[in-house]
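> What follows is the residue order along each chain.
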Amino acid sequence: MEHTEHQTTTAGEHAHPGPAEYVKVAIVLAIATAIEIGLYYITSLPDAAVTFLLLFLMVFKFALVALWFMHLRFDNRLFRRLFVTGLILAMTVFAIVLTTFQVVR
Amino acid sequence: MATTEAAQETHRTATGLDNRKLGMWAFLGSECLFFGALITAYLLYRNSSTQGPYQSDVYDIPFTSVSSFVLLMSSLTMVLALAAIQRGDHQKLHVWILATAFLGMTFLGGQVFEFTVFVREGLTVTRNVFGSSFFVLTGFHGLHVTIGVLMLLQLFGMSTAGRLPQEQSLRVELVGLYWHFVDIVWVIIFTVVYLIP
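Residue numbers (our numbering), protein chains in the order written: chain A, 1 to 105; chain B, 1 to 197.
Accuracy of the hints is not assured; some may be wrong.
[To be verified] Residues on chain B that point at chain A, a partial pick, calculated with CB under 8 angstroms:
#, residue
1, Trp25
2, Thr40
3, Leu76
Read the hints as simulated data drawn from the structure, not as lab findings. If you're wondering where the values come from, they're calculated on a predicted model, not measured in any experiment. Cβ atoms here follow ideal geometry from the backbone N, Cα and C, with glycine treated the same way.
Go ahead and model the full structure; you've got the sequences and the hints to work with.
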């Protein structure tokens, strides 16, 4: 039953990808990590640009793992909603805290 | 016993979804708030220390980069373990589960080494507010990785004892969700704590 859940899915679900696709995602993650580390050592770029690029790559890697490895892209939408609710709540609350204490302006 | 477990695997729910998986996602949603609080505390206090050592004195970016890469690749081995049990390939399940646990333990070994170096350089949890917020954040993450490794070893033990049939692949999936979450938390910590100038 559990196995067939991944083959014949309920509304809003799709079959999970295969090992080859997982390896491709891991290669992209490794490249993104290499770029992040490279950015750390680039001194010719302004700090603001480095910070922006690092945050972009962080969100990109987070999304790749959550959507492919955690199957949020393929599983029922309810799982996505539960996780995203916690994520948005956390980002909102702590953005307010950081703004209040002027860490982020 | 086997009949009872099989019955548990096929139980019906109002949503049509397995309650254990729903519970795991709700738990992971709440963990966002937990780690969000620790990361926010770190951002608030990292530049507030009145005495050293400071971040630039202790961080070893090449070493932490390797640790981060190791943890990231453990997510690949974890998802390959799930794919293996869903195909009913227990031999590959064993290989990938052990590989994931090994990579997790390698990451933990790196963290213990990093903490030891920091303490030798004078940075302790009570030395300054940077040290307090850093050790609490990365320490709690390390605790989560440790729990993940223990769950992986338990799965391996169950599988080798023949108590993890293909029909119970959800157990591997639940541990996998927890493991990937621990990985994505480190993706954030690595960028925010170590890399951002």
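> Run every hint past the structure and note whether it holds.
The hints, checked one at a time:
1. The beta carbon of B:Trp25 is positioned within 8 angstroms of a beta carbon in chain A (closest approach about 4 angstroms), and the interface hint is therefore held.
2. Given hint, B:Thr40 at the interface with chain A, holds; its Cβ is 4 angstroms from that chain's nearest Cβ, closer than 8 angstroms.
3. Checking B:Leu76 against chain A by beta carbon gives a least distance of about 4 angstroms; that is within 8 angstroms, so the hint holds.
Checked against the numbered hints given earlier, this structure breaks none of them.
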